[in-house]
Amino acid sequence: MTDLTAAPVLVLLDHTPDGTLRSPVREIVTLAAGLSGGAGVHGAWAGAGEPPAEVLVELGTLGVTHVHRLVADADLHLSAVLAEALGSLVDATGARLVLLVSSFENKEAAARLAVATGAGVVTDADGLVVEDGRYVASKTVFAGTWSTRCAVTAPLAVVAVKANSVTVEAAAAPVAPAVVEHPVAVSAGARRVTLVERTERPSSGRPDLGSAHVVVVGGRGTEGDFSAVEELADVLGGAVGATRVATDEGWIGHDAQIGQTGVTVSPRLYIGAGVSGAVHHRGGMQASGTIVAVNSDADAPIFEIADFGVVGDLFTVLPQAAAELRRLKSEG
Amino acid sequence: MRIVVCVKHVPDIQSERALGPDGRAVRDGGDGTLNELDENAVEAALALVEGAGDGSVTVLTVGPDDAVDAVRKGLQMGADEAVHVVDDAIAGSDALGTARVLAAAVRHLDAQTPVDLVVTGMAGLDGLTSLLPTALAQLLDLPALPLGAELTVDVAARTVRVRRNLDHATEVLEAPLPAVVSVTDQANEPRYPNFKGIMAARKKPVTTLALADLGVDPTEVGAAGARTQVVAAAARPAREDRVLVNDDGTAGVRLAQYLVEHKLV
Ligand SMILES: Cc1cc2nc3c(=O)[nH]c(=O)nc-3n(C[C@H](O)[C@H](O)[C@H](O)COP(=O)(O)OP(=O)(O)OC[C@H]3O[C@@H](n4cnc5c(N)ncnc54)[C@H](O)[C@@H]3O)c2cc1C
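If you're matching them up, the sequences are chains A and B in order. When the letters of the first sequence are read in order and numbered with the working numbering, they come out as residues 60 to 391. When the letters of the second sequence are read in order and numbered with the working numbering, they come out as residues 5 to 269.
Careful, some of the hints might be misleading.
Computed footprint of chain A on chain B, listed as stretches where at least three residues anywhere in the stretch have a Cβ under 8 Å from a Cβ of chain A [as the list claims (entries may be wrong)]: (1) 19-26; (2) 73-83; (3) 93-106; (4) 165-173; (5) 186-198; (6) 243-252; (7) 257-269.
Beyond 10 Å from chain B on every Cβ pair, some chain A residues (computed) [stated by the list, open to error]: (8) 96; (9) 113; (10) 125; (11) 133; (12) 186; (13) 227; (14) 235; (15) 286; (16) 304; (17) 365.
A partial selection of chain B residues facing chain A, derived with a Cβ cut-off under 7 Å [said to hold, decoys possible]: (18) 133; (19) 135; (20) 138; (21) 139; (22) 145; (23) 150; (24) 177; (25) 178; (26) 179.
Hint data in this document are derived by calculation from the structure and do not stem from the laboratory. Glycine is no exception: its CB is placed at the ideal position from the N, C-alpha and C atoms.
Go ahead and model the full structure; you've got the sequences and the hints to work with.
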């Protein structure tokens with residue numbers, strides 16, 4: 060059996076259009092550094108610009124040895140183009156493992172890469188180890204009610220890792236990553252999709268929903284007034300999420316929807332206010348560390364999975380909690 | 005316009021779902037259903053054909069005997085014909101194995117009458133990997149437009165366009181037909197089968213195919229062809245030390261204290 064522990068690991072370096080790293084990338088780089096067995100962590104940088112100097116320094120602190128700047132005459136936002144670029148980097152580096160942050164976009168590229176290379180692919184992993192010469196990923200399924208461990212039996216593993224799965228740690232010794240330009244010859248097939256339009260969503264100023272450590276969620280019970288939800292989120296430094304009912308009503312953007320057809324979150328702390336805990340919603344949050352529910356109906360299903368449940372009116376409970384937290388903070 | 009819709013039979017998400025010792029979903033046949041998100045795919049296909057005033061919708065599924073219920077539901081909604089690929093060798097397939105079988109089935113159908121569009125749901129509510137639509141496109145060497153919240157086809161120009169909402173951006177993608185698209189639950193409101201539809205579905209053809217009919221090598225699919233293998237599965241233990249308080253006017257303060265005590269702030 061091949062010694063996986065001494066093969067380079069390839070990591071897709073998700074970043075904003077202005078070159079800021081998306082925070083879960085730090086987690087998968089940490090994971091990669093622990094799995095590469097000294098054979099190097101190779102980052103793939105897809106984007107128009109050069110990686111900024113401070114980003115390279117940070118990547119070096121986390122153990123990235125090489126940054127490959129992908130250069131293609133087609134849009135790397137298109138999954139077919141990105142998958143071909145990653146495939147050629149796998150060839151160039153000899154990587155046996157490709158790590159990506161688990162997002163809808165990255166899963167599209169992962170699927171294509173796996174088909175093209177014969178790799179085994181695992182999505183939404185929350186851990187990854189080498190066991191008996193194979194990569195074994197852990198993940199929860201069925202709305203967080205089951206834990207599974209899944210081994211990749213192919214020579215190449217493509218693993219998409221959920222945010223908040225890994226504690227970010229600096230590498231033992233910082234390195235200065237070598238920046239290498241990697242031209243990609245994009246096939247005619249990959250050019251058939253045209254990216255007619257791409258509009259980046261403006262940042263809310265709050266942490267990113269998918270990777271926040273604290274998420275406060277408002278449901279139908281807010282009746283459209285998210286102020287108490289936002290206030291508590293801000294005291295906790297958290298993100299604001301919503302149920303599908305709240306987004307369908309137009310109380311908040313669709314991108315705030317948590318659940319099976321929205322964003323999957325697994326923060327350290329989830330607080331649901333005026334959320335009943337329907338199965339479609341639970342599918343996107345049940346794997347959260349601590350679950351708090353505030354609901355006026357003692358029979359709401361969310362109480363079945365809550366670590367701390369309050370039967371009460373969110374419009375009194377949330378502001379009181381926020382005020383108390385502010386008071387405790389000011390006392391130090 | 006010929007549209008093939010890929011649908012899946014999954015354990016009902018409202019029921020207790022479980023994994024067996026082999027890491028496969030327990031399918032006792034009792035509580036299986038058409039994957040809810042695939043109803044949006046069927047609806048999208050029916051609406052496109054109705055809008056174009058011409059064409060047909062074929063619902064296609066891969067799965068054990070009772071998976072035929074999923075395509076029957078598609079027929080009841082208004083699809084014209086159904087194809088069910090069933091073969092013992094398929095058991096234990098991972099997402100890519102299933103994609104291989106579906107790709108072979110689409111090719112088989114295309115050889116009979118050319119397929120213009122393949123539509124799928126955004127994810128299977130059992131595995132939720134969302135890998136299938138793009139994997140299928142790659143295997144069929146077709147462009148993929150996944151996660152359409154809006155879907156339009158220009159019949160004259162033979163192009164398809166989707167608008168999609170991603171974590172950090174909104175995109176509009178366009179490609180020439182034939183293509184593979186997946187649609188989200190924002191794309192439409194699926195119709196309910198009415199009595200007429202249910203009666204008409206009984207007369208519609210369901211073709212059953214085996215791997216040999218599709219020229220698929222059994223070792224490429226199923227447990228034999230899987231490139232991932234579930235090595236352990238366990239129900240997560242119930243949460244312990246759960247606290248439920250009735251608000252007597254101090255619940256907000258108690259909540260704050262709980263967060264501090266548990267080092268969550
Ligand atoms: C295919 C499909 C996919 C779906 N995907 C998703 C998804 O991804 N995410 C999602 O969230 N939903 C999804 N849904 C919808 C889901 O089934 C539920 O309808 C939805 O989650 C309910 O939202 P809610 O909890 O806000 O509303 P409700 O279920 O109406 O619950 C509102 C709760 O607020 C409580 N309440 C009211 N007033 C107050 C108050 N003043 N203080 C405290 N509590 C109060 C009520 O007691 C009630 O429990 C999906 C549905 C389908 C069919």
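Results for each hint:
no. : hint    : in the structure
1   : 19-26   : holds (count 3)
2   : 73-83   : violated (count 0)
3   : 93-106  : holds (count 4)
4   : 165-173 : holds (count 6)
5   : 186-198 : holds (count 3)
6   : 243-252 : holds (count 8)
7   : 257-269 : holds (count 11)
8   : 96      : 22 Å, holds
9   : 113     : 21 Å, holds
10  : 125     : 26 Å, holds
11  : 133     : 13 Å, holds
12  : 186     : 12 Å, holds
13  : 227     : 18 Å, holds
14  : 235     : 29 Å, holds
15  : 286     : 15 Å, holds
16  : 304     : 13 Å, holds
17  : 365     : 7 Å, violated
18  : 133     : 5 Å, holds
19  : 135     : 4 Å, holds
20  : 138     : 4 Å, holds
21  : 139     : 4 Å, holds
22  : 145     : 6 Å, holds
23  : 150     : 6 Å, holds
24  : 177     : 6 Å, holds
25  : 178     : 5 Å, holds
26  : 179     : 5 Å, holds
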